Amino acid sequence: MRQITVTVNGEAHAREVEPRLLLIHFLRDELGLTGSHWGCDTSNCGACVVWLDEVPVKSCTVLAVMADGHRVRTVEGLAVGGRLDPVQVGFSECHGLQCGFCTPGMMMTARWLLDRSPDPSPAEIREALSGQVCRCTGYENIVRSVRWAAEHGAGGHEPGEHSGAATGSVPA
Amino acid sequence: MQVPAQVEYEQAASVEHALDLLARSGPEARILAGGHSLIPMMKLRLAQPETLIDINGLSELAFLEVTGDELRIGALTRHAGLLAAAGAGEHFPILHDAERVIADPVVREWGTIGGSLCQADPSEDLSAVFAALRATMVIRHPAGIRTVPAREFFTGPYETVVAPGEILTEIRVAIRPGGGSSYQKVGRRVGDWPVGAAGAALWLDGDVISGTGIGLTAVGARHFVAAEAEEFLRGRPATEENFGRAGQIAAENCQPVSDQRGPAEYKRHLASELTTRALRAALRRAAPRRAGGQRRPGDG
Ligand SMILES: Cc1cc2nc3c(=O)[nH]c(=O)nc-3n(C[C@H](O)[C@H](O)[C@H](O)COP(=O)(O)OP(=O)(O)OC[C@H]3O[C@@H](n4cnc5c(N)ncnc54)[C@H](O)[C@@H]3O)c2cc1C
Ligand code: FES
Ligand code: FES
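Same order as they appear, the protein sequences are chains A and B. For the first sequence, the numbering used here assigns the number 1 to the initial residue and increments by one for each residue that follows. For the second sequence, the numbering used here assigns the number 1 to the initial residue and increments by one for each residue that follows.
Since the hints were made in silico from the structure, they are not lab data. Wrong hints could be hidden among the right ones.
Claimed, not checked - A few chain A positions that, by computed beta-carbon distances, are all more than 10 angstroms from chain B:
| # | residue |
| --- | --- |
| 1 | P19 |
| 2 | V55 |
| 3 | R83 |
| 4 | L84 |
| 5 | Q88 |
| 6 | E93 |
| 7 | L97 |
| 8 | F101 |
| 9 | A123 |
| 10 | E127 |
| 11 | S130 |
| 12 | G131 |
As the list claims (entries may be wrong) - Okay, the calculated bits of chain A under chain B, using three or more residues with CB under 8 angstroms as the criterion:
| # | segment |
| --- | --- |
| 13 | 40-50 |
| 14 | 61-71 |
The structure presented is a predicted model; accordingly, all values stated were derived computationally and were not measured. Glycine included, every Cβ here is placed at the ideal spot set by N, Cα and C.
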């Protein structure tokens, strides 16, 4: 067992875990954050994408111990101060989901894309999401949802406004 | 549900510390870089290391620089970092050709160059790329460093010359003028491993090929190299006919196997066709510089 401290959506969590525990199970089973979905278990579908520090990762393919001392952002941390992220509003407005299984991962990667490229073309959006699978929507509405977010104040989200920065708890 | 077997875990604070941890943990210890090959293998119990030594904190291994006439890539450089490095792509377009089609953008943020090479999967894209570029691998061990040509680095499927207790620290590629390079891959879908792929680097003296490197992956080429095709081209003019012949020679000398990605005969066809295409594209990229002329759009 190993003692780790991970700052998830701005809140520090200390736990004793087995080194073999995957980050997705740490989030879902240890912390009860079931927004991140666990799908293929083979790093192919992207349902489990969260941010580790500033970078999206398929959380079925990292160990929880690798996040020790780092910040994780999940779909539960997408809304800031009770205000939905424009990406979330976009998915709602443009019918970007049907069953919703892929949606948390799609939104985390979309948020990352928009932070780096606030006005992405549909081709850029497809490329960014190309490692993630949706069995329902046919992708068209997902692309529209991300475009909606780009057109409706994606830039209004201050970098560093999320996760650990708010409490300043654990350095990256 | 796929669960890795029990394992010990250590975080390295420096390369020396990592070497020390490796020495203390014995032969069943493994370096953990991005983990995007090792963790899936552990989940399938194809790998059962006793100890993982996490090097993700070692910023000293995450560098990319052009020094004098050499490109140096730290082993912990991520695929995304190499893809974003303009200087690397300018000198060696083959690097960006390949990185654009390795896995997907999220995986590319985590997978490392060193991890890809040490994994030595028979379908690894970068193995063919650095074989084509005749790169040099820098390996640290407790007593110092040793360097190994990329072409002698791979000893078999999933096997390299990196011994227990050693760490790959960087990859060096010599920058020579008058060259061009390209990577051509066919996969079943976006982000997938290659069914077959070829990389070519070409150096010209006038119209004559003064040097070449051809790397092949996923088609059973020894050491990821098409040595006979290289031999054929050296000293010959850079013509379409010679490129076609080189492709045939490359295909004749590889040993593809049929698997879920495709039948052996199709892979052999790809070895030939993709070698020819890579040589053709490498020539286009070398030519404008050779003539001092303008690049045409699409030559990239
Ligand atoms: C969904 C998916 C798609 C992929 N598609 C492709 C593809 O199309 N083409 C392709 O080529 N690859 C592909 N990959 C593989 C990916 O490029 C590699 O898995 C990854 O980059 C390996 O690097 P890593 O840092 O994750 O290595 P790890 O998984 O951390 O390590 C791999 C091996 O190398 C050893 N190792 C790592 N670093 C060092 C070091 N510095 N010194 C000594 N030993 C070391 C480890 O002990 C381990 O044995 C894909 C992977 C995934 C998950
Ligand atoms: S569950 Fe992680 S990528 Fe599918
Ligand atoms: S909405 Fe069902 S998988 Fe995407």
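Each hint, compared with the structure:
The non-interface label for A:P19 is inconsistent with chain B: the shortest C-beta to C-beta separation is roughly 4 angstroms, within 10 angstroms. Not every beta carbon of chain B lies more than 10 angstroms from that of A:V55, the smallest distance being close to 5 angstroms; the non-interface claim is violated. Residue placement check: A:R83 keeps its beta carbon more than 10 angstroms from all beta carbons of chain B (closest about 26 angstroms). Every C-beta of chain B lies more than 10 angstroms from that of A:L84, the closest at about 23 angstroms, which supports listing it as non-interface.
Once the 10 angstroms rule is applied to beta carbons, A:Q88 is consistent with being away from chain B; the minimum gap is 19 angstroms. No Cβ of chain B comes within 10 angstroms of the Cβ of A:E93; the nearest lies about 25 angstroms off, and the non-interface call holds. Every CB of chain B lies more than 10 angstroms from the CB of A:L97, the least distance being 19 angstroms, so the non-interface label holds. Residue placement check: A:F101 keeps its beta carbon more than 10 angstroms from all beta carbons of chain B (closest about 17 angstroms).
Remark: the non-interface label on A:A123 is consistent with the geometry, its nearest Cβ contact in chain B lying 12 angstroms away (cut-off 10 angstroms). For A:E127, the requirement that its beta carbon stay farther than 10 angstroms from each beta carbon of chain B is not met, with the minimum near 7 angstroms. Not every CB of chain B is more than 10 angstroms from the CB of A:S130 (nearest about 5 angstroms), against its label as outside the interface. With 10 angstroms as the threshold on Cβ separation, the claim that A:G131 sits away from chain B is violated: the shortest Cβ distance comes to roughly 3 angstroms.
Note: the segment 40-50 of chain A has 5 residues with beta-carbon separation from chain B under 8 angstroms; the three-residue rule is met and the coverage holds. Check on the segment 61-71 of chain A: 6 of its residues sit with their Cβ under 8 angstroms from a Cβ of chain B, so the three-residue criterion for coverage holds.
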